[in-house]
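Respectively, the protein sequence lines represent chains A and B.
For the record, in the first sequence the residue sitting at position 222 is 844 according to the numbering used here, with numbers rising by one throughout.
For the record, in the second sequence the residue sitting at position 189 is 190 according to the numbering used here, with numbers rising by one throughout.
In case anyone wonders, no lab produced these hints; they're calculated from the structure.
Note that the structure is a prediction, hence the values are computed from the model and not measured.
Be a bit skeptical, because a hint or two may be false.
[Claimed, not checked] Listed below are several chain B residues computed to face chain A (Cβ distance under 8 Å; list not exhaustive): (1) S26; (2) S31; (3) M151; (4) L161; (5) L162; (6) S167; (7) I229; (8) V248; (9) W263.
Just so it is clear, CB atoms sit at the ideal spot from N, CA and C, and this is done for glycine as well.
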Amino acid sequence: MAVTDPSLRVDAAARVLEPSPGQILRRRVFGHAGLVFGLAVLIAIIAVALLAPWIAPHDPYDQVLERKLIPPVWFDSAKVTWEHPLGTDHFGRDYLSRLLWGARISLMIGFSAMLISFVIGTTIGVLAGYFGGRIDMVCSFIITTRLSLPVVLVAIAVVSIVGSSLTVVIWVLGLLIWDQFAVVTRAATMQMRKRDFVASAEAIGCSTPRILLSEIMPNIANSLIVVATIEFAHAIILEAALSFLGLGVQPPEPSWGLMISEAKGLMFFDSWLIAIPGAALFVLLLAINLLGDGLRDVTSPEGRA
Amino acid sequence: MTGYLLRRLGVAVLVALTVSLLTFSMIYLSGDPAVALAGEAATQEDIEKIRVYYGFDRPIVVQYLDWLWRAVQGDLGQSNYLREPVANVIFERLPTTMLLGACALVFALVLAIPLGVLAAIRPNSLIDRLALTIAVIGQAMPSFWFALTMVLWFGITWRLLPITGSDSWANFVMPSIALGYYITPVVMRLTRAGMMDVLQADYIRTARAKGLRPATVLWKHALRNAIIPVVSLAAVQFGFMLGGSIVIETIFAINGLGYLAWESIQRADLPMMQAIVLVIAIFYIVLTFVSDLLNAWLDPRLRTA
């Protein structure tokens, strides 16, 4: 921005002496290589997932049997063609297109399941942390009970009984992975509860829901965002594992876990079939984890340099 | 001390009962269990027979109490598929999964604790950064993909290790690594944080001032205190691994509880699934109880809490 307005120049000079909180935050965010990298990769993957219908070179469900198992372009093979940059699977479906559409499934399931667990977990945690006493005992008991249930086994059992679909997978995961949200919210709320601003909100007669939603929640949002990234990654990894076991997303949907599962039988001959979706999962999870670690560094008091 | 233990025990028993209720209600997830058992071609008469045979015609409370009473006595029902008592099959398979879990835990601890300690001695050094990188990569790698990649390299390309079965120790190498690497980041971070805290303590300075060898101070004085939270974390993670071993066991065809769970799902063997979930949950509850005891014993401050 060109500084022509004199009032702006004064403002800028003042800021040089003492950077505003926003500036400090921005400097910390952009100074954190892991955070920037994670965020950039995640945004790229989200963009690719959203644009899949337009940028995918082929229909991900389209089977061309005479074109099956074409290796990716970097392989030294007569079958290689730029029409299928990442090759084709055992049904002759374009691997790149399936990968792009698969990103949608991973992100959608991961995000929705995270959202459900966020609502459940923060509700339990905030109630336990704010009211304490009996309510805390009941909530803690619910958290302990949830923790003693083996997530993968219960998810698989429930999915196999109810029958698998996208909605079922999202709800089963969302109903199972809220424990971290609850634990962190409870601890953070207990800290906030002792603070003066909560006491003054109580004193001026704010309603309890208002105190919880507009006094407590905004102040614990930092920790919740970090948990949200962890659970987002957790849900994605669980979806992939369920689909890998044949109990998550069902064929012919292009889920990355399912792609690895379908290629398992061929992995000794065409190992790239499992390497490509696996690498995609790895990059996505790495980006989310780096973003989460970065956010924790940037927002936690110890990270404030 | 006794009060603390009794309270803990009371909570553990309550959690176990709640878990049993949840596991029991799994059979009602699909709606009418008699219809589900009878299959698609069954007549109304068949369904009624099955309902009476399995006791589904009784009030649900009676069914639950009956099921619970038998479970307490060690009778977990009959397998629908194997026509054998579920408990027999489970306890036949349990040792294999325990062994796998133990090997995985040992692998994780042996890798994570020294790395965590070294990282704590020299923060921001090369080894600290290496440890951090291992942690970040480890958390982003889906275990089933990591397992398949190992199979490909160590099993097929270099022919170093057997890829399926559970007959000799060599069969357990890859599965233990695949199952254990996932918890190394958590253990490493906790060890590092604990060590960094302890190394600041006065008694460490005293020990150094006395002229003790640095190695003695580090491994005997500091690690002993820093390891306390790691012990309870390890117990909890061991419980998680038993539940999560289903993916690894199916990949390596290891004849344990996880593989049994997967087989039972394929056979729609609900009593078996129920029992496996229950056994693993109870085992986890016992583990956390024991780790509470251990903590109270190691850290006297907790006993009054």
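Status of the hints after comparison with the structure:
The interface hint given for S26 of chain B is violated, since its Cβ lies 11 Å from the closest Cβ of chain A, which is over the 8 Å cut-off. Here the hint on S31 of chain B is kept, as its CB sits about 5 Å from the closest CB of chain A, short of 8 Å. At its closest, the beta carbon of M151 of chain B sits 12 Å from a beta carbon of chain A; the interface hint therefore is violated under the 8 Å criterion. Hint status for L161 of chain B relative to chain A: violated, with the closest Cβ pair at about 16 Å, above 8 Å.
Interface hint at L162 of chain B: violated, since its Cβ lies 15 Å from the closest Cβ of chain A, which is beyond the 8 Å cut-off. Because the smallest distance between the Cβ of S167 of chain B and any Cβ of chain A comes to about 19 Å, over 8 Å, the interface hint for this residue is violated. Evaluation of the I229 of chain B hint against chain A yields a violated restraint, the C-beta minimum of about 20 Å exceeding 8 Å. Taken as an interface hint, V248 of chain B checks out: its beta carbon lies about 5 Å from the nearest beta carbon of chain A, inside 8 Å.
Look at W263 of chain B: its Cβ gets to within about 7 Å of chain A, closer than 8 Å, so that hint holds up.
The structure fails hints 1, 3, 4, 5, 6, 7 (numbered hints given earlier, in ascending order).
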